[in-house]
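Enquirer: With chain Z fixed as given, assemble chain W onto it according to the hints.
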Amino acid sequence: MAPTTFGWLIILCPAVGTMLIALSFKRLPARSAGWIGTAAIAASFGLSIAALLALLGHTPDHREFTSTIWSYDSSVGVDAKLSILVDPLSVYMALVVSGVSMLIHLYSVTYMTLDRGFNRYFSFLNYFVFSMLLLVLAGNFVLLIVGWAFVGAASYLLISFWYRRTTATGAGIKAFVINVVGDAGLVLGTFFIFKHTHTVDFVKTFGAVDHVFAHNSPDLVAGCLLLLVGAFAKSAQVPLHTWLPDAMEGPTPVSALIHAATMVTAGVYLIARMHPLFEQATTAADVGAIGGCLTLLIAATVGLVMVDIKRVIAYSTMSQIGYMIMAVSVGAYSAGLFHLMTHAFFKALLFMAAGSVIGAMAGAQSLDRMGGFRRALPFTFGCFVIGGLALSGLPPFSGWLSKDDILAFLDHRGGGFIILGIAGYVGALLTGIYTFRMIFRAFLGEPVEEARELEHGHLHHADVPRNPMTGEEEDTDVGFPGPGHFIAERELPMKVAMSVLAVLAIVGGVLQIPGVDAGIERFLSPTFADSHLAKELPSTRADWIGLAIGALIAIGGIAVAYRVWVAAPGTATRLRERLAPVYTLLINKWYFDELIDLVVVRPSLWVGRFAQSVLERVVIGDVVTGGTTGIVRAGSAAVRRAQTGFLRYYAALMIVCLTGVALYFLISSS
Amino acid sequence: MIAITTAAHDAATHQLTGPPIDWSSLSPLVALAAGGMVLLLVGLLRSELVRERIVPALAIATFGVTIGLCIWRFDHPASIISGALRIDDLALILDMIFSVAGIATVLLSWRVAAPAESGQGEYFGLLIFSVLGMAVFVSAQNLVTLFLGIELLSVPLYILCASETRREGSLESGLKYLVIGSVGSATLAYGLALIYGATGATDFSAIASALSAGKLLGGVLGDPLLLTGLGLVIVGFAFKASVAPFHQWTPDVYEGAPTPITAFMATATKAAALGVFLRFFDVAAIGAQDKWAPMLAAIATITIIVGNVGALGQSSLKRMLGYSGVAQAGYMLGGVVVGTQLGIQATVLYLVAYLFMNIAGFAVIVAQQQVRPDGDDVAALAGLGARNPWLAWTMTISMLSLAGIPGTVGFIGKFQLIHALVDGNYTWLAIVLVVGSMISLGYYLRVIAAMWMRAAVPAPVPAAAAGGGGGEPAFPPISGGAPEGDPESSFGNGAPGSGPGSAPATPSPIATLRFAHPGVVLVSLVFAGATVFFGIFPSPLFDLASHAGHAISGIF
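Protein chains in written order, with the numbering used here: chain Z, 1 to 670; chain W, 671 to 1226.
A couple of the hints might just be wrong.
[To be verified] To give a feel for the contact side, a few chain W residues facing chain Z, derived at Cβ under 8 Å: (1) 715; (2) 848; (3) 849; (4) 850; (5) 853; (6) 856; (7) 857; (8) 897; (9) 898; (10) 902; (11) 904; (12) 916; (13) 919; (14) 976; (15) 1109.
In short, the hints are calculated from the structure, not lab data.
C-beta: ideal position from N, C-alpha, C; glycine also.
Chain Z with its partners taken away, still in its complex shape (with noise of 0.2 Å):
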């Protein structure tokens, strides 16, 4: 079969479990939506490897395939078409979503069960494997935003998936807003663009661009700012990131999945697909870069001092992406392609074990609370720790290959880029601190009461549930999280998932050394083949100098964390309090949430109250519909008191109107 009839066949699978799923809810026994919905998407990852195999069966030259197999409309100059296109980019991002989807569709199996919402959280969770599907696997920019809006309400959906916790609805809708500002600029970006390739496929708009814009012309950097506004905005890029902290209010394996592995990592991936555009708008690829290595630096000092333990790994995250961000911008397409894929794994591997964790405290999220997790969770704690390892890039996790890949270009690209490198390894000793920081805490020191209990085998569950924001109770209805919790260690299929994606984080980075073997530049390669930068690689020599810098600043960092909380337990406190204004500072998160309340909620909402109180209800309200129907009503009623039903009346009336008749027309004749 072509590579694109696997393309439509990797779609078409969570799109029929979704809709399999959303039509039967009602009568599907016990644990089966789950088991409906892990298959279809083992069925895309399966049809993921086959579009490889038939991808490699073709020469590097010969793998770009685009299949329509319907036009919405091509008139007027647009050619808006349901075409796919395959080729490596789409094909490898596809093999990382499905990849990771089906390991935490099985995760979530059991972490769901006792949820009441359990089928409609897979439906939910296919429906978003669908979008990003669709998302990496457009063929043109019309089906690119209809994936982009897709992925931002499965988002939306699977944040507001406890819809009876306040703290849930108001995250899923700060996500949407957020997110919807983004595909704004998608689409405001592509309108830039098509204007002037009057096309809105990619084959053909990456082909006219070196015709049809001059380097850096101001339509073509505006246009790249605007998709850049998108690709930050879905990637939770300073300064739109704020949702994405918010978002942990959503289930653990949603956090996995979309806020970490998958649906976060878009902005990368329009970034790299879009690679003709930035390379040709230098100033824009530029903004991207500097933004993405500010959002690193921010995002790692955050970290240090959140307690919430899903919310370090969400502001890990940030970082993290901060980093493939920064590379796909300054032209380190396959080593941002390759962090991308690594940390989805280890990530996706952290939020499962802090899921796991989770568990066992009984649905509390708080470090505060947690300690000497170590023996009552040895499972979780040995998956902690590598993708804690993986995470800070220590050899020969697949996190130090990668990360240290990026930051190695920086260096070889020179000038005002090694600044960005330098800055990378400051975030690369961040990464060590916090991710540690939040190991030991949870895990070594003196076992909490839930710890103790469960090294006598007792899971421990809350006499009340809590919201773990605010600590109101709650109930376990649907809407609200189920009343069972889970670790790893007592189920199967999480146990799986983990494993399997520990394995990945351990030795995913061997598919590309420096030196060695360059597996993924090798088979992005063709995609990137019209790009200059892409060929301008460092030596292997400067490669692994880079990786033994990088190796070292993550023992740094490990060293420093082991120091301030094990070696002499205090000393974060002691530190906190010698320097309060930057932890002030830190515990804000930047004040970006109050700055964006300033600039942008506040006037919107006293735009709005304007609007409200004096054009609706004043203007449209009482002036244009009161007077209106006023109007029609008096005419109503006088039409009726004329229409008395004497017949003297009509009579007298059709003679005034007729004498009417004829004094216009006599007057008219004179």
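Expert: Just chain W now, kept in the frame of chain Z:
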């Protein structure tokens, strides 16, 4: 003047010979006249079978034959009987509209009190004569034939309105129509006389040439005699087409008349009046267009506003459709005002559309009246969607089409009218039309909402209705039996058993049935189906309309 004198001269010098008659072209009219007379005679037979079955069947057959003959004569325009009548495509299309309305009326009259009370032969015979009058009216090519036509169409209608002889409302309706109609006819006759006086001609073509000659010399056009005549003719026609401010008889007469006759008047009479507007103003008086067009446009505006505004807040469906008909006449007048090919075509198209959608609506009212005594009330429609979805759907289609919602023939018609108005530099009138349509949604949608969104209310017992709905005292006839908004208070008077012993042998058919008669439901379904069908595939109607338009352009 010259034409008349030569004709008189011919008649005087030669032996008394009639003008040559082209019988084939005249055949539709002949068929109607013959059918009407046969019906009158057959109706005299005492057999119940004959009166109940054969007479209506013969009436349908007459209309059927007429339609057949119209199709046969299609595309053979001819001026016959010394140019008194012109049988062209416009006339033939209008004749077909009248005949289709006639057939629908016959079917709707099944088991209604009126034919039984006034005699089957008379009732259906008069119906056919009225159609004959309309056919003469719209074919007329000179002033005398025109007047003959209007009288021939009006007099049977006066009687038909009063044909439910034992119901006060019906009698009142007939009398009101007669008195006000006389005023209208007198006005028209006076106007025709003045035009004859000014131009010295009765033939339309001679009037037209006198006007165009007058245009060059600046003579006749400034003549107060002619202009007053034109004004009076406008009033006379406006009365027949129930155009405001000469519409006031319409709601009262529509409400009082037997519902099938109301449906007939609403569609056929309106088509006849609008057809004559086209014939007279766009052929005979086209030379004076800059004189009468502003007046007619002003009247159209008043009509659209008054009709739509008046229909709001009516509780009687027939009154509401009466006002709605007033507004629709205003829309169609727009096609006359512009005086272009496009205007003529749009008006004819709208007349056909109006026939379909209005008959569908009236058929539902007839069906409602068969099953409950307060069937004319909007409130009585509540719950019809659950009770009888077929009828509810046809009513919904009818209302949506009258409002001009896309997917129905009403939209196509309104679209063409707006097109014609904008094309003819009367954009402001098109805006008035659209605003009127917006207001009209207020009462059309109310009907739909009542059918689908409200729970059914039980039908009141006839005795309670006879006591006067809503506490209103029963008005005596003539002096205002139908105050606005009052439910048909006199309905109970026609209830079974209230009549004297001289009642016809058949039991009074107004007795409420369990189910509406299938024939009535069929009519409503067929016409609603046509409304939707031509709303989606309008090209046959466009063909018809362009034929009608070319019929008139041949004369220019």
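Enquirer: Hints the structure violates: just list their numbers, smallest first.
Expert: The structure conflicts with hints 1, 2, 6, although it agrees with all the remaining ones.
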